[in-house]
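Participant: These are the residues of each chain, in order.
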Amino acid sequence: MRLFKLIRVGLPMMIFLGVMLLLWRGLTLHPAQIPSPLINKPAPQYRLPNLLNKKMMTERDLIGHVTLLNVWASWCEACAEEQSTLVAISQNKNFQIIGLDYKDNLADAKKWLQQYGNPYEVIAVDQTGNSAIDWGVYGTPETFVIDKKGIIRYKYIGPISMEVWEDTLRPVIEKLS
Amino acid sequence: MRIILFLFTMVFFLSCYAAEDIYHFSSTEDQTRFAMLTSELRCLVCQNQNIAESNAPLAGDLRQQIFQQIQTGHSNQEIVDFLVDRYGNFILYRPPFNAGTIGLWFLPFILLFSGISYLVYYIRKKR
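Top to bottom, those sequences are chains D and P.
Last residue of the first sequence: number 186 in the numbering used here, and the count goes up by one each step with no gaps.
Last residue of the second sequence: number 148 in the numbering used here, and the count goes up by one each step with no gaps.
Please keep in mind that the hints were generated in silico from the structure rather than gathered at the bench.
Heads up, some of the hints might be wrong.
To be verified - When the alpha-carbon atoms are kept at most 27 Å apart in a straight line, the in silico DSS-like pairs for lysine-lysine are as follows: (1) 64(D) / 119(D); (2) 14(D) / 146(P); (3) 63(D) / 158(D); (4) 157(D) / 63(D); (5) 64(D) / 157(D); (6) 147(P) / 14(D).
What the hints assert, rightly or not - So the derived list for chain P, only partly shown, Cβ under 7 Å to chain D, looks like this: (7) 65; (8) 66; (9) 108.
Positions of the beta carbon are idealized from the N, C-alpha and C atoms, including for glycine.
With these hints in hand, go ahead and build the complete structure from the sequences.
Facilitator: Next up, the structure:
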């Protein structure tokens, strides 16, 4: 009888606390950052022209380097926000930064680079956005970390601040190089 | 006056027609497939809209992608797999049935069942 009373009072309490815990956790989640199914898979194939010299570039350029592939566009405001960080970290030679210029006007893109700085080794141009679909891009800026074998190891969605670099991306890159 | 009204209506209908009929399908079956697929896939930019309704540029690109794949003879499953490979299960409004989502599918029924059993037990005891 006593046990029954304990359950009758305790069980709803437990359920209530469980739901509160679940909702509490929900507050700290970021639903806009959708996990990428491409993590630990080879980078998708692409064949895109270089913004500055029109030479064709492919996913084979990723082999042999740790790469930070940054998807940006001159119309993207958050991209301008992260550019100073990218320029600063491009001094580090343990990895290369490749740009993917997403659905952009080429003249605007070149002007934008002059204004905000060019941290990129090379920049591939995806004017249709089809290649970006292969990368699962849904909002610029997005940044992928790719290892020396061309396998995607990490994806960061949103602008990279110095804090994000130190706390999140740098440890990932250092582990790979 | 009547003629003006008539012309006005004609122009109005023409614009409606133009807005809806961007994609030309060879069969009505393909057209229904397109409508079905775009309404069951989530737009990743504005996450509470499907790909059919969203005005986000990415939704437009994905509509185009789905249209092309239908035209080149891909099955519904192939098209859905193509998108899930790139964007993950998040793009599906209807989550798949697998080990990771089994709780999602069964928990409501388990809760309902335990609630009903408790209710029955309680009523019986009261009598």
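Participant: Could you run down the list of hints and mark each one as holding or not?
Facilitator: These are the hints, each one checked on the structure:
The hinted pair formed by residue 64(D) and residue 119(D) meets the criterion: a straight-line CA distance of about 16 Å does not exceed 27 Å. Of the pairs offered as hints, the one joining residue 14(D) and residue 146(P) holds, with about 14 Å between alpha carbons and a cut-off of 27 Å not exceeded. Under the criterion of a C-alpha separation no larger than 27 Å, the hint pairing residue 63(D) with residue 158(D) is consistent with the structure, at around 25 Å. Taking the CA atoms of residue 157(D) and residue 63(D), the gap is about 25 Å. The hint holds against a cut of 27 Å.
For the hint pairing residue 64(D) with residue 157(D), the CA-to-CA distance comes to about 22 Å; that is within 27 Å, so the pair holds. Of the pairs offered as hints, the one joining residue 147(P) and residue 14(D) holds, with about 15 Å between alpha carbons and a cut-off of 27 Å not exceeded. Of the supplied interface hints, the one on residue 65(P) holds, with its beta-carbon coming within about 4 Å of a beta-carbon of chain D, less than 7 Å. Because the smallest distance between the Cβ of residue 66(P) and any Cβ of chain D comes to about 6 Å, under 7 Å, the interface hint for this residue holds.
Taking 7 Å as the C-beta contact cut-off toward chain D, the hint placing residue 108(P) at the interface holds, the least distance being around 5 Å.
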